[in-house]
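Asks: Sequence:
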Amino acid sequence: MSPQTRFHTRAMRLLENALMDQAPEHLEAIREMTIKLDRRNRPEPDVLVVPVEADTGPGQTWFEPEDVVLAVEVVTADSLERDREVKPRKYAQAGVPPFWRVEENDGLPVVYVYEIDPATASYGLTGIHHKQLKVEHPFPVDVDLTAIGRRPPRS
Numbered sequence: 097m098s099p100q101t102r103f104h105t106r107a108m109r110l111l112e113n114a115l116m117d118q119a120p121e122h123l124e125a126i127r128e129m130t131i132k133l134d135r136r137n138r139p140e141p142d143v144l145v146v147p148v149e150a151d152t153g154p155g156q157t158w159f160e161p162e163d164v165v166l167a168v169e170v171v172t173a174d175s176l177e178r179d180r181e182v183k184p185r186k187y188a189q190a191g192v193p194p195f196w197r198v199e200e201n202d203g204l205p206v207v208y209v210y211e212i213d214p215a216t217a218s219y220g221l222t223g224i225h226h227k228q229l230k231v232e233h234p235f236p237v238d239v240d241l242t243a244i245g246r247r248p249p250r251s
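Just so we're aligned, residue 97 is where the sequence shown starts under our numbering, counting upward by one.
These aren't lab readings, by the way, just hints derived from the structure by calculation.
Misleading hints may appear alongside valid ones.
Quick list of in silico lysine-lysine cross-link-like pairs, DSS-like style, CA-CA up to 30 Å [said to hold, decoys possible]:
hint	residue 1	residue 2
1	230	186
2	227	186
3	186	132
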């Protein structure tokens, strides 16, 4: 895996932390895990939300598509085509429900939210979020996107 940009790392952390904090107790936000689409396809979203009961143990490296509640990709120059076209197509065909694509604009994340159309097995854009990400699906989420560079308060 090649080194990631500072924006990429911060965007992943911001969203993983927000999703973990706001997810219902039966769900978990996690990174560095793959989705097993078939024998030869195991893409790795930047952040996933899955049910806690999908945990198969400490050696687990992947989830089944039907376990994925949300897949998030943070786009970089190196991953542009893969994150905008290839992965979303594969996720949609596998039935992964919501998909978020995160891109950088003037140092801040812009989140593109997609929902799957079951009739076409493809994603349709349902919203573009600047500064504030507020959605109700797959569960209520409210994220201050301008907080990307801020450290969380210490308890």
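Asks: Next step is simple, just say for each hint if it's right about the structure.
Replies: Hint by hint, here is what the structure shows:
1. For the proposed pair residue 230 and residue 186, the alpha carbon gap of about 26 Å is at most 30 Å, so the pair holds.
2. Of the supplied pair hints, the one linking residue 227 and residue 186 holds, its CA atoms being roughly 29 Å apart against a limit of 30 Å.
3. Proximity of residue 186 to residue 132 is assessed by CA-CA distance (about 11 Å); at most 30 Å being required, the pair is judged to hold.
When the structure is compared with the earlier hints, no violation turns up for any of them.
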